[in-house]
Amino acid sequence: MKFADFISINAIRADLSADDKESVISELVQSLLDAGEVSAADKDAIIAAILKREELGSTGIGRGVAVPHTKHASVQKLVGTVGVSTDGVDFNSLDGEKVQLFFLLVSPPERPGDHLRALENISRQLRDDTFCRFLKQSRSTDDIQQLLDEADNNQFAS
Amino acid sequence: MRLTTISLLLDMGEATAMNAENLQRTVVVRNPQGLHLRPADMLVKQASRYACSVHLGRDGQMADCKSILSILTLGAAQGTELQLTAEGSDAAQAIQAIVELFEHGFFELEGTDSN
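First to last, the protein sequences are chains A and B. As numbered in our numbering, residues 9 to 166 make up the first sequence, in order. As numbered in our numbering, residues 3 to 117 make up the second sequence, in order.
Rather than coming from a laboratory, the hints here were simulated on the basis of the structure. Hints should not be assumed to be uniformly reliable.
[What the hints assert, rightly or not] Result set (DSS-like, lysine-lysine): computed pairs, CA atoms no more than 27 angstroms apart in a straight line:
{"hint": "1", "chain 1": "A", "residue 1": "Lys85", "chain 2": "A", "residue 2": "Lys29"}
{"hint": "2", "chain 1": "A", "residue 1": "Lys51", "chain 2": "B", "residue 2": "Lys68"}
{"hint": "3", "chain 1": "A", "residue 1": "Lys106", "chain 2": "A", "residue 2": "Lys144"}
{"hint": "4", "chain 1": "A", "residue 1": "Lys51", "chain 2": "B", "residue 2": "Lys47"}
{"hint": "5", "chain 1": "A", "residue 1": "Lys10", "chain 2": "B", "residue 2": "Lys68"}
{"hint": "6", "chain 1": "A", "residue 1": "Lys51", "chain 2": "A", "residue 2": "Lys85"}
{"hint": "7", "chain 1": "B", "residue 1": "Lys68", "chain 2": "B", "residue 2": "Lys47"}
{"hint": "8", "chain 1": "B", "residue 1": "Lys47", "chain 2": "A", "residue 2": "Lys29"}
{"hint": "9", "chain 1": "B", "residue 1": "Lys68", "chain 2": "A", "residue 2": "Lys106"}
{"hint": "10", "chain 1": "A", "residue 1": "Lys51", "chain 2": "A", "residue 2": "Lys106"}
{"hint": "11", "chain 1": "B", "residue 1": "Lys68", "chain 2": "A", "residue 2": "Lys144"}
{"hint": "12", "chain 1": "A", "residue 1": "Lys10", "chain 2": "A", "residue 2": "Lys85"}
Use the sequences and the hints to build the structure in full.
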């Protein structure tokens with residue numbers, strides 16, 4: 009699975025303003041709503057479900073990266089967005105570091121395979137230090153989109 | 003005299019085969035959600051308790067069991083067979099602990115919805 013298969017280009021945020029866990033999740037779900045990927049009626053329920061998942065253990069997986077996610081019946085296919093925070097957000101990460109890169113995913117129930125393949129793609133690309141560093145330095149949606157395209161064309165991880 | 007020499011040689015042959023703690027087992031992903039983030043986190047926490055190196059292999063791909071990003075790159079869904087290897091002085095204990103996690107389906111086999 010490639011980034012282009014699940015990242016909604018119009019939902020990408022290069023300049024997250026939120027500075028805590030709850031507000032950054034809210035800001036990212038709002039970006040999916042603005043891009044037309046989720047409906048206004050479902051927004052609060054999706055945010056609540058993602059926060060509930062975080063209570064089971066932070067999705068901040070280290071290297072300044074978090075993958076907040078949930079299943080939700082309102083989506084027909086896996087949808088996701090990317091957000092970058094310049095200053096980083098305290099996310100109770102597994103390694104205690106602040107998070108600068110967010111990959112937020114909402115997937116239909118009964119499709120665990122798609123979620124796994126998205127995680128596989130994200131983790132494979134993020135193991136490349138250059139990709140990770142460039143993404144954190146991105147200051148515009150275009151920068152991020154270009155990096156994701158390059159990653160999809162195998163210009164980073166093997 | 004000749005008999006004694008032969009038995010000595012046999013003893014030496016046996017002794018060299020011991021001591022290499024490099025163990026391998028096949029494990030199967032049993033939980034319906036596969037090796038998603040939380041099981042991967044459990045694997046890292048468990049493997050990190052041991053000094054030995056621990057790896058999971060799939061189709062020639064090797065993942066470091068002490069790195070969550072590495073484990074996630076396996077994208078292992080339910081039913082996937084993985085080769086678990088451990089090398090080091092406490093390899094036997096590490097293998098046993100990790101096999102248990104797989105056998106219990108990372109405690110996701112029944113009940114609560116999980117992401």
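Status of each hint after checking the structure:
1. Lys85/A x Lys29/A: 25 angstroms, holds
2. Lys51/A x Lys68/B: 36 angstroms, violated
3. Lys106/A x Lys144/A: This hinted pair holds, its Cα atoms lying about 12 angstroms apart.
4. Lys51/A x Lys47/B: Outside the cut-off at roughly 34 angstroms; violated.
5. Lys10/A x Lys68/B: Roughly 25 angstroms separates the two Cα atoms, so the pair holds.
6. Lys51/A x Lys85/A: 16 angstroms, holds
7. Lys68/B x Lys47/B: 7 angstroms, holds
8. Lys47/B x Lys29/A: 23 angstroms, holds
9. Lys68/B x Lys106/A: 21 angstroms, holds
10. Lys51/A x Lys106/A: Holds, at about 25 angstroms.
11. Lys68/B x Lys144/A: 24 angstroms, holds
12. Lys10/A x Lys85/A: Holds, at about 14 angstroms.
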